[in-house]
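J.: Spelled out, the chains give:
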Amino acid sequence: MTARRAGRTLHGGRVAYAILVVAVLVSAFPFYWTVVAASRSNADLAKVPPSLLPGPNLMRNFEAVMEEADIGKALVNSLIVSGSITVGTVLCCTLAGFAFAKLRFRGRGALLAVTVGTMMIPPQLGVIPLFMLIAELEWVNQLQSVILPGLVSAFGVFFMRQFLVQALPDELIEAARVDGASSARIFWSIVVPIARPGMAVLGLLTFMAAWNDFFWPIVALSSQNPTVQVALRQLGGGYVNDQSVIMAGTLLGTLPVLLVFGLLGRQIVGGIMQGAVKG
Amino acid sequence: MTLTAPAGKAAARRRPSAARRAWRTVSPYAYLAPFFTLFAAFGLFPLLYTAFVSLYRVELQTPGDMEWRGFGNYAALFTDEFFWISLRNTFTIGVLSTVPQLVMALGLAHLLNYRLRGRTFFRTAMLLPYATSVAAATLVFAQLFGRDFGLVNYALGLVGIDPVDWQTNTVASQIAVSTIVIWRWTGYNALIYLAGMQSIPSELYEAAEMDGASRWRQFFHVTLPGLRPTIVFTAVVSTIGATQLFGEPLLFEGSVSGGISHQYQTLGLYMYEQGWGFFHLGRAAAIAWVMFLLILVLVGVNALIVRRRSRKEAGR
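For the protein sequence lines, the chains are A and B, in the order given.
Just so you know, the UniProt record's numbering puts 227 at position 227 of the first sequence, and the rest follows in order with no gaps.
Just so you know, the UniProt record's numbering puts 237 at position 237 of the second sequence, and the rest follows in order with no gaps.
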């Protein structure tokens, strides 16, 4: 940090630290409470004063929720769905982002404008025709009904375009062309290696968004073939009355993203801040 | 747009150099094809077709049968008391969740912008709620806001406040639902603001310091003006998010009606209730279209306010 940064470099005082620590506690408390509630019995949760420390029932509640909401299948399904969406989105967006960033062609401005213009329109507004479409294709309750629409990410295209505009020098592509490299070769051996950091960040953000997506999966899937969010909706829908079992399900469904976040939180923070400046 | 590809290939066999040139004009479209194919089928088509569907009677069990209704779905909507209730709720919950969220995010970003020990830790911890799903967060908060055994009421009891009925009381239930939104998005917005603050040139602060401006004045006279585009961005994104709020009110008590007397049902939830609770897909499409127009109006109002404010400032 010896280089001069833009922005403010004043030292934080005690008050600043105190407020930030409180904010961190508020952010983290619901997670802690999930662990507490998931490891207790339902009767414990109805006690006054409430117990604020984890109890011994975690495994029992895990077993109960596996049985009642099929969280195991939901986890596998969520992994398949989020994994496919992540790989597919990153690939599609890198291809399109590269074209928008570095290639000249007719209709470039118009196509980019359509992409960016729809970035702000919530996909939730299109669920009715989308549902009619997958009903027509007889995809209801099948994972591809969530995966395919999940691949559409106007934000991703824009993000990769912004990344490649800066990261990929024009001369590199020109030189490869002069050497007679084919378009496919240029993409795989020049664009992709340079795009990799951007692809990684986009992949992380996409994975989390896909894992947490709610509206469309509960419309397209049911409890017979659920993702984690569909299973959680079922848990919260009144079929299960045991609060500690519900919390055990919540914990199981959140752990995978928390794991990703724990390992790569720094990159995710960086990605969001980067996207903010560029977006 | 990809129709020209075969022609390009035919030319390739005749003259290699022309082929290369032809491929060069065509290949950009090949890069775009995967995205735009999916985009057309699963993004653009559903959005536009929503307007069309909203003019028909379509039932969930038989989505293939469409019966022309003209503006009947809209008429039915505007005479339904629950539509107006959910519109009002969307607005009040939107204000209750967006305003405190953005103000607190701004404050936190200001603090995060100081030189801190453990900055990465603070930033990451702040973003933790963003990593949880709506479903998980809402289930936990629904528990915390329990009327009889919830931790929130217990904590209120410790300071001598009577238990609040966070479910049936209209204002209380809307505050509870808004709390979930605020909890999930404040840290995210704080990081966006922080990114904006870091791109404000430090010379501006140095100049302000030389003029003897306090930290507080610097915040108002350097940070806030420099942050205006970012603030507009977050305001627009949060407004759009608030307009389509769905998961929180659905899972708060698990019912599609958003409470016994619809006291916290939002437009998003009302749409889901019409479509997947009562099987009226056509009517649900009409609601979606109303939501879309609402978003356009709100974003437009936002733009107007910004333009007027910057004009005022320019005239100062």
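Treat the hints loosely; a few may be bogus.
What the hints assert, rightly or not - Heads up, incomplete: computed chain A residues facing chain B, CB under 7 Å, no partners named:
(1) Leu20
(2) Val22
(3) Ala23
(4) Trp188
(5) Trp216
(6) Arg266
To be clear, the hints were calculated from the coordinates, so they are not data collected in a lab.
Beta carbons are placed, not taken as given, at the ideal position from N, Cα and C, and that holds for glycine.
J.: Does each hint hold? Answer for all of them.
T.: Cross-check of the supplied hints:
1. Leu20: 5 Å, holds
2. Val22: Since chain B brings no Cβ nearer than about 10 Å to Val22 of chain A, farther than 7 Å, the hint is violated.
3. Ala23: 6 Å, holds
4. Trp188: Given a least distance of 12 Å, the restraint on Trp188 of chain A is violated.
5. Trp216: 10 Å, violated
6. Arg266: Arg266 of chain A check passes; min Cβ-Cβ to chain B is 6 Å, inside 7 Å.
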